[in-house]
Amino acid sequence: MSLDKQTVAKVARLARLKMDDAELEERVPQINTIIKWVEQLAEVNTDNVDPLPSPVDIGMKQRKDEVTDGNCQEDVLANAPESLEGFYVVPKIVE
Amino acid sequence: MSNAPSELTNLTIAQALKGLENKDFTSKELTQAHIDSVEAHDKLNAFVTKTPELALQQADASDKRRASGDAKPLDGIPLAIKDLYCTKGVRTTASSHILENFVPTYESTVSQNLFDDGIVMLGKTSLDEFAMGSSNMTSYFGNVINPWRSTSAPDIELTPGGSSGGSASAVAARMAMGATGTDTGGSIRQPASFCGISGIKPTYGRCSRWGVIAFASSLDQAGPMARTVEDCALMLTSMAGHDPKDSTSADIKVPDFSAALTGDIRGLKVGIPKEYRMDGTPAEIDALWDQGIEWLKESGAEIVDVSLPHTKYALPTYYIIAPAEASSNLARYDGVRYGLRIEGDNLIETYENTRAEGFGDEVKRRIMIGTYVLSAGYYDAYYVKAQRVRRLIAQDFENAYKQCDVILTPTAPSEAFALGQEEEDPIKMYLNDVFTVSVNLAGLPGLSLPTGLSANGLPLGLQIIGKSWDEETVLRVGGVLEKAANFVAMPDSSILKAA
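Top to bottom, those sequences are chains A and B. Each residue of the first sequence is one higher than the one before, starting from 2 at the first, in the numbering used here. Each residue of the second sequence is one higher than the one before, starting from 266 at the first, in the numbering used here.
In case anyone wonders, no lab produced these hints; they're calculated from the structure. Note that the structure is predicted; figures quoted are calculated from it, not measured. It cannot be assumed that every hint is accurate.
Unchecked claim - Distance ranges between label pairs, derived from CB positions: (1) B:G334 <-> A:L15: 54 to 62 Å; (2) A:E26 <-> B:S572: 43 to 51 Å; (3) B:Y643 <-> A:E26: 20 to 28 Å.
For each residue, glycine too, the CB sits at the ideal point set by N, CA and C.
Only chain B is shown next, with the shape it has when bound in the complex:
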C-alpha cells in the first residue's frame, strides 16, 4: 500500500474518489484503513453494530466495478449508517432495548440509494434512543464519547451531541468518511457542531423516510454528515430523490448538489434574525456568529436584519408536536410482531410489560406527554394549538425570505458538555435545540459547519438556513464560509494517536 492508513482516513470523500479513480489505492485498502480506525476507537462507543466483513465484501465488489469501468458516483467510499435506518440483514436497533434483536428484512430507501451508488457500510452508529435526545445519553447501548477534549478539563469525557452522536463521533474521529444522520429538531446539526464536522438537514420531503424508523413523521428528515460541505453535497445527491413508498417525498428533480459550490456569493442577501441573540448565550458564540457575518460580508454578500418574531415559541411547539407524533408512531411496539416481548397474564399486560421494559426513561416521558396532549378533551388545547403556532413560525420564515436568500445563525447555544450527569430538568436538555427546531417546524434546509473553537479548544458551528428546496444556495454559502473559516483543528491527538 502506497499510503499510510492515517493518510487514507484523513482524506475527504472528494479526495478519496479521485484517489480511487487514479488507482492510488483500492477501496479495499481504504476500507481496511477505516475498519482499523473503528477498532482503534472502540472506546468512543460510536457503533452499535460493526460490519467489517460486509464492508470488505462491498469494497471488493466496488474495486471490481471500477476495474471494469462501471464505477458509480460514490463507489468504494466507506460510510457509517445511523442505526435508525433499516438495513436488510443487519440488526437495526434505534439504540433501544425494544429493538435490540431486530433484523430488518428490507432496506431503507436512502441507504439503498447510497448502496446503488457504490458505498461501503462500516456499521451502524449509535444514537439517542429513537433519536430522542441531544446528548446520546439515552442510548440503551451506553454513551457515545466525543473524540474532542476540552483543554481546561482534558480528563472529562464529552457528549458528541445527539441524536446522531455516533455518526458525528465516527466522522470526527476518522472512523468513517461520512455518515447518515436524521434530524427531527437538530439531530444532525447539533452533533455536527459539537464534533467539528458538517451536516445538512435537507428540506422536508427531499429524502425518503421509508425504512427510517419513525420518531415524529412531520419533522423527521434524513441527511448527510461529513467533514466538508462538498462531501455533504456529494452524499446528499445520492441520498435524495422521490420515492413512491413515502407519500411525503417530493417528486422534484435532484440537482448535482456539489455543482452548487461555485464559491461566488456576491450580491446574495444573508438575513440575521435578531431573536437569535438570546440572553444566556455564551459571548463566544455571539462572537463566532459576528465573525461569520464579517466573512460573508467580505465575500460580497449583503447582510440584512430580519425578524422571526415567534422564535421563543418554537421549542414549546416542538415539544407538543414531536411527542404527539412519537406517541402515535411508537404505538407499534407491542411485543407481537417484532421486537422485545415480556409476557403478561393477558394481552394488555403483555403490551404494558413489554413497553415498560423495552423503552427508556426519556422515550417513556415523551410517549406520556404525547398521549396526554392527544387525549380526549386536550387535543384542541394542545395539539391543534401547537399546529397553529407552527404555521406562524413557518410564516415568519416566509416573511424573512422576502428580504433575504439565506439566514445565518449559531447552531447550538454551547460547546460540547460533559457526559454523565443525568439532567434533572428535561427542559434544560431541550434548550440545546433552541436554534435548530424552528427549521424542522418550517420544513426548511439547514446546514451546520464548524467555523471556530471555543476558549476550551472545542469546535463551534454556524448554521445556514435556506428556502424550501434551495439546498444549493445553502451549500454555496456553506462552501464560502468553510473556506473563510479554514477550520483545520483536529480532535484530541491522544485519542487519534491510538489509530
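Chain A on its own, in the form it takes in the complex:
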C-alpha cells in the first residue's frame, strides 16, 4: 500500500499539522518507506490470536464515585496561552 500526496495531505489535516506543498512532497517517500517496512507484519499468521492492548494484566480498578480533587481553577489556567475571567480564550469560532 503506497500513499500518494493527496493521502498524506489528508493525514496531515487529520493530525492538525499545517504542511505546505514542499513539506508534503518531502514526507510522502519517508512515510511510504516506514509503512512499507511495517507491512512485513502481514506475513505473520495471526489467525486465532487476540490483540494484546496492554502488556500486563492487572485489571481495571474501581473506586467510589466521589469528588477527590478540584477547586483549583487558578492551577488549571496557570499555563493557558490566554485566559479571561476564569475561562480559556480561543479565536472566534462562530461567525
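Fit chain B to the given chain A structure using the hints.
Below, chain B alone, put in the same frame as chain A:
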C-alpha cells in the same frame, strides 16, 4: 570540607548514604560538589533547566532532618530528573518547543516518591523530543554530548543515546549521582549502554506514569539510571509503588530491591535467545555477550538456549503501536490550555499552526504514521494486526521462561555513534532499539549494565531481561555480572578534568 569535590562526585549513592550517616560530609557539601560539576560540564548540554538554588535549599532541609534523626532512605542524595517528569513549579519541556514555557502546577508521582525519600534535585535533563529518538538529536534544546570519546577519533562528539540521553550523560560525567529515565522502546537501557552506566526499565505497572508526559501509554515506564546496579536498586525502591492516579499501576508490594543483591546465582537458569545473534552486529558485541555468558557460568548459573521466534517483527510492531498511541496522546497539544500557541484566522488554523511550529520533524513523522494507521479503513490492517503480533512476542517470552529464569542479551547493536549527521533513513535510527523493544512490548523488566569497552575505548552494555514483577532476580544477576566485569573505566579524562 574533608573531601575534595571530585571524591564526592565519584561516590556511589550507597557510599554517599554511608558518608552522610557517618557525618563525613553534609548533603550541602555533596550537593555543592555536584552543582559545581554541572557547571563545569555545561558544554555537554545535559540539562534543559538547572535548579541549583532549589537543590541547596533541599540539601539544607535534608541536613536538618538527618541531624534530628529523621533521615529518609535517600536523604540528601543529589539526582537529576528527566525533563519528561512534571515537577511542580519547575519548567517541564519534554525537550519540545511546544512545552518550552510549561510550568506544571503538580508533581509526578515518581518524582514525589523520590522527594518523599529525601532526594535533592539538581535540575531537569534533556531528552529526544517527547522521548522519541535514540540519539538525543531531536531535542529542541540542542544535542546532548556523551562524556566519552573514541580513542580513534577523539575530536568527534558522540551521542549519549536516547531518549534519556541527558540523564545518562549527567550520571556518566559525575554531574549527578543518579537520574530518572523513562523507557518506551529502550530509552533507559540504550543510553545507559552508550554512556557506561546502569539503568533498569521495570515491569510495566511497577512505577506510576501519573505526571510523566505520555508518549506511548502501553509501553512507557519510568526507571532509574545510576553508576551501579545497587544504586539502581536503591532508587527503584523509592520510585516504585501503586498509585491510585494511574489505573495501570500495579497494587503489588514493593520489595527492598537492594536486598536482592545477594551475589548468589548458583543454579539459576540464564536463557540465550538465538534470534539475537543478528547479521550485521559487530563482532565485538557478540564477543561481549559471550564473555557475559562465560562469567555467569563461572558464577554457577546454568546456560540454556532459548528461542524468541518473533523477534524480527518486534520493531515493525513497535513502530505501529508507539506512533499510534503517540498520535493520540499528543492530540492534547492544541495551543488552548497550555503550551505554545500560534494564532490563526480560526480555531482549526490555530491548532494547525501551533502544532506545525511546536513539534519537531521526528515527532511530526510519528504523529503522521500514528494517525494513518489509526484512520478509518486501516485500523484493523495495521493497529489491530500489530496488537496481535504483540501477543505472539509476549508469548515467546512466556515460553522461554518455562526453560529459564532470566535472559541475557546485548543492550544495543553498536557503540555510541557520532552526533550531527542527520539520518536520512529513519529506519536505520530505529534499529538502535533492536534488542530492547521486545521487552517493552511484553512489559518485562530489563536492566542494562556496562561490561566492557569497544576497540575504540567506548562502553558497551549487556541486558538482563526478567519475568514480570521479578526485578529482584534481574538485579541479582546484574550484581553478579557487574562484579565479574569490574567495569572501572571512566569517561574522557580531558572532559572530566574540567570539573
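Do Y643 (chain B) and E26 (chain A) keep their Cβ atoms within the hinted range of 20 to 28 Å? Since Y643 (chain B) and E26 (chain A) have Cβ atoms about 22 Å apart, the given range 20 to 28 Å holds.
L15 (chain A) and G334 (chain B) - C-beta distance against the hinted 54 to 62 Å: holds, 60 Å
C-beta pair E26 (chain A), S572 (chain B): status relative to the range 43 to 51 Å that was hinted: holds, 44 Å
Against the hints set out earlier in the document, no violation occurs for any number.
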